[in-house]
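Trainee: Please work from the sequences and hints to get the whole structure.
Line by line, the protein sequences are chains A and B. Residues in the first sequence are numbered from 1 upward in steps of one, following UniProt numbering. Residues in the second sequence are numbered from 1 upward in steps of one, following UniProt numbering.
Hints in this document: simulated from the structure, not taken from any laboratory. Where a beta carbon is used, it is the ideal one built from N, C-alpha and C, also for glycine. Check each hint, because a few of them may be wrong.
Derived DEER-like restraints, expressed as beta-carbon distance ranges [stated by the list, open to error]:
1) A:Arg349 / B:Asn143: 51 to 57 Å
2) A:Pro557 / B:Lys178: 55 to 61 Å
3) A:Leu447 / B:Asn143: 28 to 34 Å
4) B:Asn120 / A:Ile228: 36 to 42 Å
5) A:Lys238 / B:Glu46: 47 to 53 Å
Facing chain A, a subset of chain B residues (Cβ under 10 Å, in silico) [what the hints assert, rightly or not]:
6) Ala44
7) Thr83
8) Leu84
9) Gly181
Each chain, written out:
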Amino acid sequence: MIDATMGKDAARAEWDNPMQFVLACVSYAVGLGNVWRFPYLCQMHGGGGFLIPYMLMLVLLGVPLFYMELAIGQKMRLGSIGAWRAISPYLGGVGMASVVTSMYLCLYYNVINAWSFWYLFHSFQSILPWAECPANSNLTGPVEECERATPTQYFFYRETLDISGSIEENGGIHMGQALCLLLAWIIVYLFIVKGVKSTGKVVYFTATFPYLVLIIYLIRGVTLHGAINGVKYMFTPKMEQLAKPTTWINAATQIFFSLGLGFGSLIAFASYNQYNNNFEKQAIVVSMVNSGTSIFASIVTFSIYGFKATFNYESCLERVRLLLLNTFDLAEDTISLENVNHWIAELNRTHPEQFASLGGRLETCDLEAELDTAVEGTGLAFIVYSEAIKNMPVSQLWSVLYFIMLLLLGMGSMLGNVIAVITPLSDLKFISVLSYPVGLVCLFCLLLGLGFTTRSGNYWFTMFNDYGATFSLLFIVLIEVITVCYIYGIKRFEKDVEDMLGHRLNWYWKIMLAGVSPILLIALFIFYIVNYIQGGTPTYQAWNKELGKSVVTEYPPYAQAFIGLLLASSVCCIPLTALYTYCKKRNLASGKRERTVSTVSL
Amino acid sequence: MLVRILVLLYLAGAPALAQTLCQPNASNGYRVRISIKTALGNQAYEWNENEMFLFRATMAFAMRRCYKTETYNVDNIIVCNQTLRVSFWFVVTSPENSTMLIPKADVEKAVSMSRHRINNAFLLTDRTLEFLGIHPTLAEPVNPDTPPWLIVFGVVIGAVFAGIIALLVSSLLQKRRKEKGMMEDGQDEEDMQVKGVENGNVLDGIYNRGFTDDDRFTKL
Chain A
1 MIDATMGKDA
11 ARAEWDNPMQ
21 FVLACVSYAV
31 GLGNVWRFPY
41 LCQMHGGGGF
51 LIPYMLMLVL
61 LGVPLFYMEL
71 AIGQKMRLGS
81 IGAWRAISPY
91 LGGVGMASVV
101 TSMYLCLYYN
111 VINAWSFWYL
121 FHSFQSILPW
131 AECPANSNLT
141 GPVEECERAT
151 PTQYFFYRET
161 LDISGSIEEN
171 GGIHMGQALC
181 LLLAWIIVYL
191 FIVKGVKSTG
201 KVVYFTATFP
211 YLVLIIYLIR
221 GVTLHGAING
231 VKYMFTPKME
241 QLAKPTTWIN
251 AATQIFFSLG
261 LGFGSLIAFA
271 SYNQYNNNFE
281 KQAIVVSMVN
291 SGTSIFASIV
301 TFSIYGFKAT
311 FNYESCLERV
321 RLLLLNTFDL
331 AEDTISLENV
341 NHWIAELNRT
351 HPEQFASLGG
361 RLETCDLEAE
371 LDTAVEGTGL
381 AFIVYSEAIK
391 NMPVSQLWSV
401 LYFIMLLLLG
411 MGSMLGNVIA
421 VITPLSDLKF
431 ISVLSYPVGL
441 VCLFCLLLGL
451 GFTTRSGNYW
461 FTMFNDYGAT
471 FSLLFIVLIE
481 VITVCYIYGI
491 KRFEKDVEDM
501 LGHRLNWYWK
511 IMLAGVSPIL
521 LIALFIFYIV
531 NYIQGGTPTY
541 QAWNKELGKS
551 VVTEYPPYAQ
561 AFIGLLLASS
571 VCCIPLTALY
581 TYCKKRNLAS
591 GKRERTVSTV
601 SL
Chain B
1 MLVRILVLLY
11 LAGAPALAQT
21 LCQPNASNGY
31 RVRISIKTAL
41 GNQAYEWNEN
51 EMFLFRATMA
61 FAMRRCYKTE
71 TYNVDNIIVC
81 NQTLRVSFWF
91 VVTSPENSTM
101 LIPKADVEKA
111 VSMSRHRINN
121 AFLLTDRTLE
131 FLGIHPTLAE
141 PVNPDTPPWL
151 IVFGVVIGAV
161 FAGIIALLVS
171 SLLQKRRKEK
181 GMMEDGQDEE
191 DMQVKGVENG
201 NVLDGIYNRG
211 FTDDDRFTKL
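Mentor: Here you go:
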């Protein structure tokens, strides 16, 4: 059995130096998840205490699997489809499943970059558009939807997305979003059109500049008023959270997705390496850098969180103070922000009837409650962060810096996603007949991605985000590990690694790859299935413009069917390809018996 | 004698009459709330009789500005019920008949028209000098011809297109240089530099499948 890419082997492109490869992996692995998912998990699962399961999962699951993917890519020198077919012809479908999952990711991930562009372009104004509510048509007050929600939410849901009330209500394409998406795809195309020659140069910038911005933000963040509240809140460990199994599950999944395992990007990157490149050291370095960045980013996030929570708390106190002054007609300097609570008790005692007339207008201001509002994902990046930024002095500068950083993180990850699709496709013989595969893939993804810029597009985006890659990846990586360790054989893998690196596999790698990681993966897989079944009908958050907040809504039946399709389409590549190869082999074998001369055929 | 008594009675009664005209929750009166310390902080001035006089004068000015036919005076603005908060009620009487109050809507019109001038007289804003019941008219939103974000977008996409053109030109030049090189050498050129996936494989010759590289599958 011959693999399809013989001729290409001699002339395969390579990174200019190993540093480019490391930076490409860092740029791919360090993405938006480090900035918005890890801080959220840290907050949900007991602050500083979450680092324990996180580090443990990194050592047990993350680094060995990362090592394995790099080894495969570097050894086979092919994209994911060719590489897995070479390892075991029946399991070539693993590569196919990776490509399908990466394709889904490509479709929706660039929409986040489009939003970053949109916010970036809107930062060049004297007043940030999400700082204040726009006036309504009579000029008597702010727009009602904006008043019920906050200006930042209004800007995101109404002006950026023009979101409809539910996934069923479609609408036209938002032209601004479509333009930004077009720009994002053109830039991605430019970065990868020349293969690793161009990508190698680009990653110098996309991997390093975000750190510069993070450092600047760290300095700005910790000097903000109230930042210390957030940092203290994050680092106070709540050890009782460690007893809950979801903490450990979330730590494992975070490591897993943060490193980008299973998409085929790592295999693709490593396939452009020199044969004897020392990927062992690089695997450890990249994993450590990725986790370190997560922790670093969460310090920044929490100092900004603390600032926002303190600002809101003090605004709340100010409103209560004004309310008391106005109701009881006291002189302005009698109540200050510090003694508001004292005065509430005092006035309740001395003027009970008048106090009762305040009724529901008297708010309770609680700093803990403000800090407790944990938000993750696009909500954190685009709503919470922009709310904090608008209150900083010279907010335009911070806004521009922040969205450039988001763009670079997102672009870096996009590079990996698109290369994961293009490398195996260009390795296949029939694709080289088509000229410009890169352009066609980008164009195809752009046209389909326009669907996410419609009025209900954000709901489809959330669906893809939640279901497109999570379950299939677990399955893919599980099959990968079992294939390499048991079907290909850990002994053969050991010999390959020795061939490349010059020394044998350490006992650590052997134990982790053959024993611990598969067990952990199976446990994760079972947990996911159980959770999905127990969760009932899948739901999503629909934005209600009358209430000015998100409401939990169930997916309609056709959307649920689509979720099933998403999950099934990538996963069933594996059994289908296995079946196909088996049938082909049987036909070949029966064909061989009939002919006297056996010809080597594809 | 009788005239003198009548004059004395009138002078004594007038303020009392004025007081009955101005009352909290009067139907034609407005409540004003002033927050000087919030607006000015350390540079806050004290609210005293002089400031009150300025307020009455400003209100008279506002009425004159709005209804240009009549001549209002400080006496036409009656203030009462001042509190420590610095809030008070005021009513406006007609210049011809000091017992007749100007209706609420007319007062509102005058205040809205001169709101900016009234605020400036006291170094305050719409939020710190409140007329309870009169909504401030928000500033007309500035609508530029081209939204500013589109300008920045245009700049960025212009730069990107310049990049694309540079790319095309450089690859064109490279191709032309390669052709020239082939014509001069007159022999098959080794593939020195991979052009990446865009242009595919440029190997010359046919790969001899007899020498299959199957080392990766079976190791001896």
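Trainee: Run every hint past the structure and note whether it holds.
Mentor: The hints, checked one at a time:
1. About 53 Å separates the C-beta atoms of arginine 349 of chain A and asparagine 143 of chain B, a value consistent with the hinted range of 51 to 57 Å.
2. Under the hint 55 to 61 Å, the C-beta atoms of proline 557 of chain A and lysine 178 of chain B, about 58 Å apart, fit the expected range.
3. For leucine 447 of chain A and asparagine 143 of chain B, the hinted distance range of 28 to 34 Å is satisfied, since their beta carbons lie about 33 Å from each other.
4. Range check, asparagine 120 of chain B to isoleucine 228 of chain A: Cβ separation about 40 Å, and the 36 to 42 Å hint holds.
5. The hinted window of 47 to 53 Å between lysine 238 of chain A and glutamate 46 of chain B holds, with their beta carbons roughly 52 Å apart.
6. At a threshold of 10 Å, the smallest CB-CB gap from alanine 44 of chain B to chain A is about 8 Å, leaving the interface hint in force.
7. Annotation: interface hint on threonine 83 of chain B holds; nearest CB of chain A at approximately 4 Å, less than 10 Å.
8. Look at leucine 84 of chain B: its Cβ gets to within about 4 Å of chain A, closer than 10 Å, so that hint holds up.
9. Against a cut-off of 10 Å between C-beta atoms, the interface hint on glycine 181 of chain B is violated, since the closest Cβ of chain A lies about 18 Å away.
Violated hints amount to a single one, hint 9; each of the other numbered hints is respected by the structure.
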